[in-house]
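Mind docking chains U, E and Z with the ligands on chain G? Use the hints.
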Amino acid sequence: MANKRHVALGLTDDDVLEMYRTMVLARKIDERMWLLNRAGKMPFVISCQGQEAAQVGAAFALDRNVDYVAPYYRDVGVVLAFGMKAEELIASGFGKAMDPNSGGRQMPGHFGQKKNRIITGSSPVATQVPHAVGFALAAKLEGKQFVTFTSLGDGSTNQGDFHEALNFAGVHKLPVITFVENNRLAISVPYDKQVASENIAIRAKAYGMKGYKVDGQDPLAVYEVVKLARERAINGEGPTLIEAETIRLTSHSSDDNQSVYRSEEELEEIKKNDPIILFGNYLKEVGLLDEEKIKAIDDEINRQVNEATEIAEKAPYPKPETLYDYVYEQ
Amino acid sequence: MANKRHVALGLTDDDVLEMYRTMVLARKIDERMWLLNRAGKMPFVISCQGQEAAQVGAAFALDRNVDYVAPYYRDVGVVLAFGMKAEELIASGFGKAMDPNSGGRQMPGHFGQKKNRIITGSSPVATQVPHAVGFALAAKLEGKQFVTFTSLGDGSTNQGDFHEALNFAGVHKLPVITFVENNRLAISVPYDKQVASENIAIRAKAYGMKGYKVDGQDPLAVYEVVKLARERAINGEGPTLIEAETIRLTSHSSDDNQSVYRSEEELEEIKKNDPIILFGNYLKEVGLLDEEKIKAIDDEINRQVNEATEIAEKAPYPKPETLYDYVYEQ
Amino acid sequence: MAELSYIEAINSAMREEMERDHSVFIIGEDVGAKGGVFRATDGLYQQFGEQRVIDSPLSESAIVGVSVGAAMYGMRPIAEIQFADFIMPAVNQIISEAAKIRYRSNNDWNCPITIRAPYGGGISGALYHSQSVEALFNSTPGLKVVMPATPYDAKGLLKAAIRDNDPVLFFEHKRAYRLLKEEVPDEDYVLPIGKADVKREGSDVTVITYGFGVHLTQLAADAVEKDGISVHLLDLRTVYPLDKEAIIEATSKTGKVLLVTEDNKEGSIIGEVAAIIAEHALFELDAPVMRLAGPDVPAMPYAPTLEKEFIINEQKIEKAIRELAAF
Amino acid sequence: MAELSYIEAINSAMREEMERDHSVFIIGEDVGAKGGVFRATDGLYQQFGEQRVIDSPLSESAIVGVSVGAAMYGMRPIAEIQFADFIMPAVNQIISEAAKIRYRSNNDWNCPITIRAPYGGGISGALYHSQSVEALFNSTPGLKVVMPATPYDAKGLLKAAIRDNDPVLFFEHKRAYRLLKEEVPDEDYVLPIGKADVKREGSDVTVITYGFGVHLTQLAADAVEKDGISVHLLDLRTVYPLDKEAIIEATSKTGKVLLVTEDNKEGSIIGEVAAIIAEHALFELDAPVMRLAGPDVPAMPYAPTLEKEFIINEQKIEKAIRELAAF
Ligand SMILES: Cc1ncc(C[n+]2csc(CCOP(=O)(O)OP(=O)(O)O)c2C)c(N)n1
Ligand SMILES: Cc1ncc(C[n+]2csc(CCOP(=O)(O)OP(=O)(O)O)c2C)c(N)n1
Ligand SMILES: [Mg+2]
Ligand SMILES: [Mg+2]
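Chains as they are written, first to last, in the working numbering: chain G, 1 to 330; chain U, 331 to 660; chain E, 661 to 987; chain Z, 988 to 1314.
For reference, chain G alone in the conformation it holds in the complex (with noise of 0.2 angstroms):
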């Protein structure tokens, strides 16, 4: 039997498949948005394909009782984690006042949820950067044991926003972690149109803070490297710049034609490096898994994606009167 590289890590068989089921769950709620969208129902979809690995692996390395998160999102995987429901995010598909992450008002990805730590979202990307920051200096200031993890891409670092907050932590040496996921492509622009540096863990340097890249398709190195970087934030140890290397498996969002600028080749070639089934093959190998567990697990979240869509798609909509509702404390 090969290798338990997860038990190395401290994690144990149950953490790991635990993990797995994450990452099938996320990438069938964002299946079934998008079929939902194709048929019309749902609006809008922007997907966490590829990237599974790299969220789940890095929320499962947090504390996930006490830290916050602030994701951008791709991030299914991360907020399922931190507690989400699927039917949550179905219902935020559709707009449906069930929506924790807003109640209907905002698209689909644009997370947050008090309870489970999720810090707010708005679509301007890089905004976020500065928020988990300030969360990180409200950690300081008040004395508490928390880390805040924030996530974005790889086209999104070239923000102002994510230079000035960097900076910001670095200088007071604040528990926030970076989490880069370079899937290089910002919607059409590629990488090398888009970002200057040889990769974006170097940035770290920009910070006097530690940068890692980090297979983002494995999501035990991601585990691994965050985990590390947890240590350090609480230790005093100040801010970590992770970058997780990934890739895009559908297009940009539900708007987006991704064959207009990328090959059928580089699409083939991408799929190789789906993250489930590379997740699944080291369970198999491990001995966690079989063709039979797989399907096992998949016909449960089948059912669960379901039962979730059934939920999301009889809720109703926010009323018209809210619509005024909140724009100050009421």
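These are computed hints drawn from the structure, not numbers from a lab.
Keep in mind that the hints are not guaranteed to be accurate.
Taking lysine-lysine pairs in the PhoX-like style, the calculated list, with each CA pair at most 20 angstroms apart, reads [said to hold, decoys possible]:
| # | chain 1 | residue 1 | chain 2 | residue 2 |
| --- | --- | --- | --- | --- |
| 1 | G | 205 | U | 523 |
| 2 | U | 371 | U | 644 |
| 3 | E | 968 | G | 319 |
| 4 | G | 213 | U | 644 |
Chains U, E and Z with the ligands alone, transformed into the frame defined by chain G:
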């Protein structure tokens, strides 16, 4: 006789004497403006004092017949080298109509003079960096052989615009030189509360460009590295980030009082690095100057500054009705 | 003449200006191979190459700031902001820089940049892909803000913007892109920036609006016409600086003025229009100035129920016109 | 009671709130050892230490963005922007983030941040140290914009801003800092955000203004009083969202309304005030609404001749009052 470092750099004796004279002129204009400020005649002054070597060393390394500069408010040495006149600088301090930078509309230190290829600047720091990159992009699009030089302070490298502009320049390998005059203060805020990276030059790595740290009190060292950066730029080898380590001899501006946040000892200490004395010493060592010659230069420049002051003081203020001019093309 | 959609009109204005003048270039996110998220730059990358149709990094302040620099040098950049909502990071470069370059240099430098951005809601774009942001810029001397209502106007005004020697913001309504079509001359033409345009002559109620509001008002005006209510429709075309004379004249046509915007109400463009009327045409009024706008909530939500409640449409305009006519 | 200058009132409001509530902290450029470029935070670094009076890096978007994060966690940051002119790089964090956090999360999150900034001219500050920037934010539901006119108001409103559970922009006039002094209670008090305040009762001409304009109008009102012209003066105090009822009531007091701002005219706060009057108090008017504002040029220049030509002063206000009274 000491080693003639300037000859090795391709500079003639006349060149270095001209550099020295420019440094002294910058200093004496600045000193005069403080006097006028303290006499209640000039509302505002912001100084070059302590940074003249960096400024003049850099400017002389450029091609002053074709290159563009987007300087920052301390760069009296740069704009003098690029053709601005003493009386024009002093007139700008008064806010006189003859001020070529703005016709008396802007504070002193907000440089701009198209005929000398000095790009108009504003107060919000770092906004000039994307402008310089834009000039460099124009050079590339139009196939023109010039380099654009921009400068800013250490604190200003934490603005988002610095990051966005340098990344853009890096991606497109543009002929632009970004020159940071690091005096380790931003008004009252010291370097370690300001910049997280161990030095500024290392930030170049975030933009895939060359970065150099240089002794900004030595105009020849600065000349050498800017010259090199210019050659690389002209040869299509892309942008460079240069950090010149320097000192601020005065308060931030005439509105500031540095004794509140800087010790007597620190102020005494940095005076030892006065670049005019240091460069004077070098020129003495190589036999180009002696006490007498220095005195002659001082006298001549004092005369020049006196004359310039007289011209500027006598010049008229802009007419009130010109307030309404040039909001748009007319 | 050829029938062009609003977005085709914009695309052809850019194409023709780029053919005419080598100093014109395009810069923005996904404007290249993809041809823009709305395909406004479709085919231009293929025709002019990646040097003149530049896929920029995801940095709005750099898109504008680099363009400002290039413009000062003498180029004529057309900077695309992917959604008007994402212009916020570039506000410093627009307001502190582009708008003030001519003035601060006492006419020594100038900045001929055009900044295009799609605005407006009704496309399930939610809070950050539906906003009208023009009011952010309507107190910025040195800047011009143009919001065309029709394909013909869009083409003529975009060409004027590109040729203008000062900075111009150019906002295009997303719903107009494919919905509005009309005959547009094949020959080169420009329309004057800074001038409003009477889109419909009438005698009972004056409606002053701009952008997509013009189309909606036309529909409403058609509807009320059946009941004998005649609408005079002034399209502001340039929302900053405003064409005061045209506003005063349109007010005096009927004495009853309805101002319409899709933006939220307080602080919107139509507030300034009302102020001009209160200042210069008070005694022309037979009824209080009426304003129809989005509610004062942060932005248009995603849920269809809420989006519908927020957005101005032809029914809401029709109702307001009838109310005002009956005053 | 003690006589406090405007800046002392601001300083003591911050000090008392920091003593009262450990979650209040200050962040900004040079707010620490230097005590702020205007010395608004004088002594606070010494009293509360560098943890609670944070000298931030030179990054306005981070100053606001980090504060927004801390505020969402539950802190009460007071972010200082060194000059109002330098708020531009933080516009995205203010408008897209702070103002929309409660709404976009459907009340799950909120953002109790106060952003202070000195505004206004007349100090040879030239284009970028003299601006009035409030109009940039007066179309941003979710945000409140407060501009106090006196030391008493400044203290009570700043305390209210700090305790407010939503984001508040707080603009302080540089000339007011040391010029205006008055008796201020020693006891804790707050003043209501969102309410205008009648600063002077009168019967001939209503002046509606805010910030430093209130002081200038008092001087002008004193001057015209000698000639029997009685001025009713409404201080808006909160310029966004506006107190409509108070505006309507003040209009009906005299039927003649002069609106005053130091900002340039088109698109300024007083445009919206005029619109409210045209909409809701048209038949109360005996004369056209009159607006006195800076000219529509990019900003106030440095040269004394030009600054003087630009700036609103008591003489210009007096002249306008007399003109309106004679209408
Ligand atoms: C400030 C801003 N500008 C533009 C956009 C439009 N936009 C949404 S996602 C995106 C690309 C993001 O690329 P990247 O950061 O690499 O993340 P990815 O989608 O690849 O995961 C763009 C341009 C935006 N949301 N915000
Ligand atoms: C965007 C912006 N914020 C604040 C200021 C006010 N300010 C002017 S100079 C300065 C410090 C600049 O420090 P640094 O960049 O190190 O340059 P130095 O003055 O030390 O040469 C500050 C905060 C400004 N001009 N622009
Ligand atoms: Mg990406
Ligand atoms: Mg410095």
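Here is how each hint holds up against the structure:
no.: 1; hint: G:205 to U:523; verdict: 17 angstroms, holds
no.: 2; hint: U:371 to U:644; verdict: 12 angstroms, holds
no.: 3; hint: E:968 to G:319; verdict: 11 angstroms, holds
no.: 4; hint: G:213 to U:644; verdict: 64 angstroms, violated
The earlier numbered hint that this structure contradicts is number 4, and it is the only one.
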